[in-house]
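Chemist: First to last, the protein sequences are chains B and F. Residues in the first sequence are numbered consecutively from 1, following UniProt numbering. Residues in the second sequence are numbered consecutively from 1, following UniProt numbering.
Worth flagging that the hints you see were computed from the coordinates, not collected in a lab. C-beta atoms are modelled at their ideal positions from N, C-alpha and C, and glycine is treated no differently. Some hints could be false.
[To be verified] Heads up, incomplete: computed chain B residues facing chain F, CB under 8 Å, no partners named:
id, residue
1, 26
2, 101
3, 217
4, 262
[As the list claims (entries may be wrong)] Below are the DSBU-like pairs computed for lysine-lysine, each with C-alpha atoms no more than 35 Å apart in a straight line:
id, chain 1, residue 1, chain 2, residue 2
5, F, 224, B, 245
6, F, 44, F, 80
7, F, 149, F, 318
8, F, 109, F, 96
9, F, 318, F, 80
10, B, 273, F, 224
11, F, 80, B, 273
12, B, 273, B, 245
13, F, 96, F, 80
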Amino acid sequence: MPPLLDVRDLYVEFRTRDGVVRAVNGVDYSVDAGQTLAVLGESGSGKSVTAQAVMGILDSPPGYVTGGRILFQGQDLLTLTPDARRRVRGARMAMIFQDALSSLNPVLSVGYQLAEMFQVHRGDSRKVARAKAVELMDRVRIPAAAQRAGDFPHQFSGGMRQRIMIAMAMALEPELIIADEPTTALDVTVQAQVMELLADLQREYRMGLILITHDLGVVADVADKIAVMYAGRIVETAPVHALYKRPAHPYTRGLLDSIPRLDQKGQELYAIKGLPPNLLRIPPGCPFHPRCPQARDVCAVDDPPLYEVTERDGAPVPGRASGCHFWKETMYG
Amino acid sequence: MAEPASVPTAQRPERSPQERGEVILEVRDLVKHFPLTQGVIFRKHVGAVRAVDGVSFDLHRGETLGIVGESGCGKSTVAKLLVSLERPTAGQILYKGEDVATLSRRGLKAVRRNIQMVFQDPYTSLNPRMTVGDIIGEPFDIHPEVAPKGSRRTRVQELLDVVGLNPEYINRYPHQFSGGQRQRIGIARGLALNPEIIVADEPVSALDVSVQAQVVNLMERLQKEFGLAYIVIAHDLSVVRHISDRVGVMYLGRIVELGTDHEIYEHPTHPYTQALLSAVPVPDPELAEERERIILTGDVPSPANPPSGCRFRTRCWKAAERCALEVPPLAVPAEYRYAEGPAHHDSACFFAEDRPDLTHPEG
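Whole structure, please, built from the sequences with the hints as guidance.
Modeler: Below, the structure is given as structure tokens:
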């Protein structure tokens, strides 16, 4: 069976006055039904742009998909007409954004906004749609859903608004949900509630989930596999346990070493030197080489492919790949 | 520019109270209420947002006090009160025994020189029309005694060098720098007047993960070099643990637990601290699976209308009748009063109980 979503060799660029910003440069990833893929990266790594391209909500112009394929249940979304694409979006794949307040319409009640989904996509009457909206709010554990359906977005707390976003994404029972930093704007105690809700719903409906985040902690809790992005490409993919135990790319290792830990104390933090690259001028060769502690001459010239990672004795490790010429040294020292 | 990647050094020893410097800042029962008004012409007071409602702590020379809490708990208002950007409704801020709140304008100016602030957002806290040299040198306009006119430029270049920026960048504008570099500029401005205390409100939360570590390391280096005392306000418990000697946990305008970082993180006794710690995602999948998570229900109540008694009781699984009637004081709980060890620290709960297993499941 083909994966639920299979992104192959995707390229996205933004044509700006200052030049062409190469935001996504040959990204491959896939998600199966019921699986959680975490896409990890810093700002400017291309993690959100990739998701926008998958959803078909890229601002165009200036953004253009210039290459690759986005296979959703075997069908290439990039070849669909805008109309057909719209039928997929919302009904079969949905997105949850970071900032719920700016993603909801401030002058319409949340009940109305949720009911709209059923009216537009399912052709339900207003009354039926309204009842379904309340049921949905109940399902994302909003207390007193029937009374609150008439409230406006600003009358809800941040955590409740994020629940409404989740409800809206869930409304048409899509097969795939893309969540772009869904808990970044929330406090930790509320963050835990929202992540738990998302995980429960995913299990219940066997949805595929793509979780886009910069937080290595959130990922460790919920993801099955991870794709680490840097300068618009994937530099490492791995099952979640394997990645934390033994990263196969110097960038991943740097990230893991540079975050302070709740359960450890006192040592000076490792800091990755320098800054993430300007996407107008991506360094030649490996894009990470100017910041890499183990870069050699070849790294400045030769752009590394995604190497398949093996055990020390050469036995294959399914699902692991590293975009570093020297992944063996990185992993096994 | 960026300093070379550093090698982890040996574990930092925990400092005992005797080894700590003298107290330079005492905060006593600090209160800040913001009035809520109704009407446009006849402004009627209809209540108050009790942002800070009785906060007390000491700060010792050369130490770092971390203040953690969720949004709306009043931690940023505490920061503004400490640097006199807001005047307290009641209570005292004693800097070397002098109450900052009642000082004259001139007296306040002298104190402000010694208590400086670093802001959260390096994009909005630097004036885009001023050069870096003017931004860092501006404090000297207000306090000309610190650097005479002729020596200012060299002093600014020294400061740039100290925070790891190229001194030749003195004529550049903020937009020519990255987020991490801008935060260095903000820190240089904070250092300009040789303060004793720096209040940093979320100093790294706007930065990318890989840049956060650079700024955290810089702050620690500067503390050692200049003997600074820090008050670091943040919502990220891992960052606070990393840099703090002592930690205060705030909830709805009050400190609910206060102790050394070891006491708070390894032996929390207040239910709110326990829930907060258990909710922090840990970048280690195996640990994440073993850890017990306490998931709180509901949201933080409004500070305009806080619950009676203990303010955490509406979300607390231990709440009893007593919690609604009496306000638990911030003191060492009775059970641990005569006990030696890390559970012996201030905790504002009637049912305080040591939970040593939250960050390290197997204990």
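Chemist: Could you check the structure against the hints above and give me the numbers of any it violates, in ascending order?
Modeler: 1, 2 and 7
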